[in-house]
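Got chain Y; can you put chains G and C on it based on the hints?
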Amino acid sequence: MSRRETIWWLVAAAGILLYTLFPVAWIVSLSFKSSADIANGQFLPTVFAAENYATIFTGDAAELFLPALRNSFGICLIATAISCVLAMFAAYAIARLDFPGKKLILSTALAVAIFPVISIVTPLFNLWRQVGLYDTWPGLILPYLSLTLPISIWTLSAFFREIPWEMEEAAQVDGATTWQAFTKVIVPLAAPGVFTTAIIAFFLAWNDFVYGISLTSTGASRPVPAALGLFSGASQFESPNGPIAAAAVIVTIPVVVLVLIFQRRIVAGLTNGAVKG
Amino acid sequence: MAAPTLTRDPPPTPAPGRGLSDRTRAERRLGWLLAGPAFAVMLLVTAYPILQAVYDSLFDFRLTDPTNREFVGLSNYGVILSDPIWWTSIGVTLLITVVTVAVELVLGFALALVMIKMLRAIRPVIRAAILIPYAVITVVSAFSWQYAFSLDSGFVNSWFGWLPGIAADTDWFGGTASSLFVVCLTEIWKTTPFISLLLLAGLAQVPEVLQEAAKVDGATWWQRMWKVTIPNMKAAIMVALLFRSLDAFRIFDTIFVMTGGANSTESVAFLAYRQTIERLEIGLGSAVSVLLFLSVTLISVLFIKGFKIDLSQTRGDR
Amino acid sequence: MSQHRRRRGAVVAAVVALLATLVGCGGAEPGPPVLTWYINPDDGGQAEIAKRCTEAAAGQYRIAVSQLPREASDQRQQLIRRLAANDSSIDIMSLDPPYVPEFAQAGFLAPVPQDVAARASEGVIRSAVEGATWQGRLVAVPFWANTQLLWYRKSVAAAAGLDMNRPVTWEQLIQAARSQNSQVAVQGRRAESLTVWINALIESAGGSIVTDPSVGNPEAIKLGLTEEQATRAAEVIRNLAAANVGGPALSTAGEDENVAAFEDGAAGFMVNWPFVWTRAKSGVEDRTLDQSVPQDYGAALYPEVVAGTPSAPPLGGIDLGVGAFSRNPALSYQAIECITSAENEAYYFVENGNPAARSAVFDDPRVIEAFPMAATIRDSLEQAAPRPQTAYYSEVSASLQRIYHPPGAVDPATAGQRAAELIRAVLAKKELL
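Residue numbers (my numbering), protein chains in the order written: chain Y, 1 to 277; chain G, 1 to 318; chain C, 1 to 433.
Isolated chain Y (complex conformation) (with noise of 0.2 Å):
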């Protein structure tokens, strides 16, 4: 390859990163900006604050935002295990087995994936509330299910038709029990495809508002992105752009970790559970 051309890659790669960092970028900026420096126009601040930091870790917005925080993880982590637990049997089902109703399930998560969520609030809350499942960890877990089941049985079916299934008979075949065959073989080449799967529907839980703003109303149960909502600045009429920046901050964390680890498995999962050839 030319120098030139080298050169020319190297300017469509920094155009690249600049369009998807810059907004990432601007936020952090705007997050260590003090409330007297918000409005100085400008793109990064004039001096680097913590303020914004100390309000949503130690001050005022603490009570608000660690909560949240909590709830967001514990909220999303659970959903994310159990529409693993229940994709993962869903698609070896359908990856191994030769039963009718295979695509009946595929559609119907397929058509769940493209459900308005919107639709459906009114009626959850309604009867979440009857049950006494509003504000509660479980009353957003399980529509959560609704956001991460469909894409974790896609996914992962798509995965477990990669697993060259015949080596668990060929490992039975060897003397070893189905037990060991299973532990031995089977499980060290779907893990990758569950892992995967597991961050896609993580993702997808922790992007959640509508959910978040209407099926809870307390700490106990409200979400990151609901909670951003209720910040406020020193008095009801004042804004509060510098905390709410640092809280998104935190939030983005996670996943932008997730992503710089398993950036190479995430897209094999986005584009293996979307378009196969």
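To be clear, the hints were calculated from the coordinates, so they are not data collected in a lab. Just so we're clear, the structure is a prediction, and the values are computed from it rather than from any experiment. Don't take each hint at face value.
[What the hints assert, rightly or not] Keeping only pairs whose Cα atoms sit at most 30 Å apart, straight-line, the calculated DSS-like set for lysine-lysine is:
#, chain 1, residue 1, chain 2, residue 2
1, G, K117, Y, K103
2, G, K308, G, K227
3, G, K308, G, K234
4, G, K117, G, K234
5, C, K222, C, K51
6, Y, K103, G, K308
7, Y, K103, G, K215
8, G, K215, G, K117
9, G, K234, G, K305
[As the list claims (entries may be wrong)] Okay, the calculated bits of chain Y under chain G, using three or more residues with CB under 8 Å as the criterion:
#, segment
10, 31–41
11, 46–55
12, 69–80
13, 250–261
The C-beta atom is built at its ideal place from N, Cα and C for all residues, glycine as well.
Structure of chains G and C alone, referenced to chain Y:
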């Protein structure tokens, strides 16, 4: 409740044929045993609520006034469909959908083309970077872009003041067109990576042999693009289009954060939210929700029938 | 099949059990009953008062605070939805006065005991009591009473030759701002604050948005929007926008954006709540605002629409209600009496800048020291007018916002008529909102 019944009796299993061996029958049973719970949960959290919404939509029912709940038949639908606000919000939603998906398709395709040829050394960096907008919470991206454009905390006006039409005091959220511009920009930023990844996967499936053959025949880059590359990845393009269109049509978070529906920027999902959650009119709001659901279904049917997308094939149900 | 069913049942049971243990933490704890007070966001004052009253209660009760969203309309939604779920965890609620009738009408408020009602309206500013009254009965206890003042930069007013010792009219303000190339900051954002402005204008012109709420039959609501006073009010909005003195953000500015414009000098005049003063003082303390800025601040009564007719400034603040499903209504009212004591109201006024509902507090030397304009605030409260009292306030307010936003597009000849039609259609459930 419909869902638990479904768990117990998986519906479409036809009565076991006489010719089936025990093994086949056992496999069928195991299949439903394993896939059943996931299936049931999906129905429980979507089918049941939507049926309930259909039922609620037939009533005049305000949350604070449950005693005066009254059956009104389809009149809620009549109210909605004869209301200009409904049609405005349909228009706004369609506009956002068409604009964002079109721009994303072009931009995503360009990104995919760059990525597939990208130097090995920087590919992981680009791949990670491109995943970031996808992974960032929609609400966070909406806040970020809103702050960038807003008059009191933004920098856009001072950076781009040299462009005609932008001044230090341009209020982006003060008008319909400019508000929608920022909303679309935010959506495009956030979801282009997803489209580009789907297209990248499609691009990778175009047989290299065909490209080479076209090259030998003296085809230009454009000709190869139109005659070889795009026709061979049609399935990937259609899937990307379908998923993004449905996603864009359901837009809510961005509008909620950025404009709150002011200046006629209400999407259909936002309209449903306003009726049920703000106005507490469960009946009327449910009717809007049901109409939104029908619109989404209609779009998918149009796509699948119109463009003959075989999802089972592209999605690998072999 | 039965074997499978059992196994499946076991899985479901396990999941349910798992979920149950996850939420089940907490449980009963010994000690005095805990009263949950749902508070609107502030600068920590309500939490501090809760602490003080808990101490004063000497083990009779403990008050725990739980925070509501920032926008008044969101606070209402959250509370209503919990109350519709018969939530017994709501003991005390900080309510924005215009929503009080809706809560009362829906039966979401525990009745105020007669003796408490008597004490809660004695020595309390009239408009605040009015705002907490529905169908002739006090249904909530006024805690603090807010009102908007006309804030002005003394330098700008002097340069424009305005005598601020006498009431000024909107027309004068617009002229003055124009002559000085300055702005009149008003809340034109499509939010509750826009309704506050519209209502104050109509009331100042001598009219009312709702003349009869028609309790039993909301569709028969009587509106004063097509009266001449409402037209006068709309003319103020139109004139202000047409004269280009509303600032570039007229249609998106709320209280906060406006106070920023007032601080940096872009706006020489502004209608806003007294938090403006607290904010300026803390800005000086934090060295983010030069002390010459607050020295240039002046505060006067809300501008008049009709010269010579005293204005009717907006009424805000917070009333305290007791949830109808609370397990401890009596204790809750006891706690409310502690919260609304003159001492605590004075503390809240001084520290958080939220004016007291009790008149006597305005004579407290600490208050006068912190708020040199305390007397003006009290005068303003005395002549303030509540927003329309109807159980459907939310619909009325949202309809008004739809028609009167953006302010630049208001046509005085038709706005009132359109708004009235929309409100009627919405209340009859004939139109979307």
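- Query: What hints, given by number in increasing order, does this structure fail?
  - Reply: 1, 5, 7, 11 and 12
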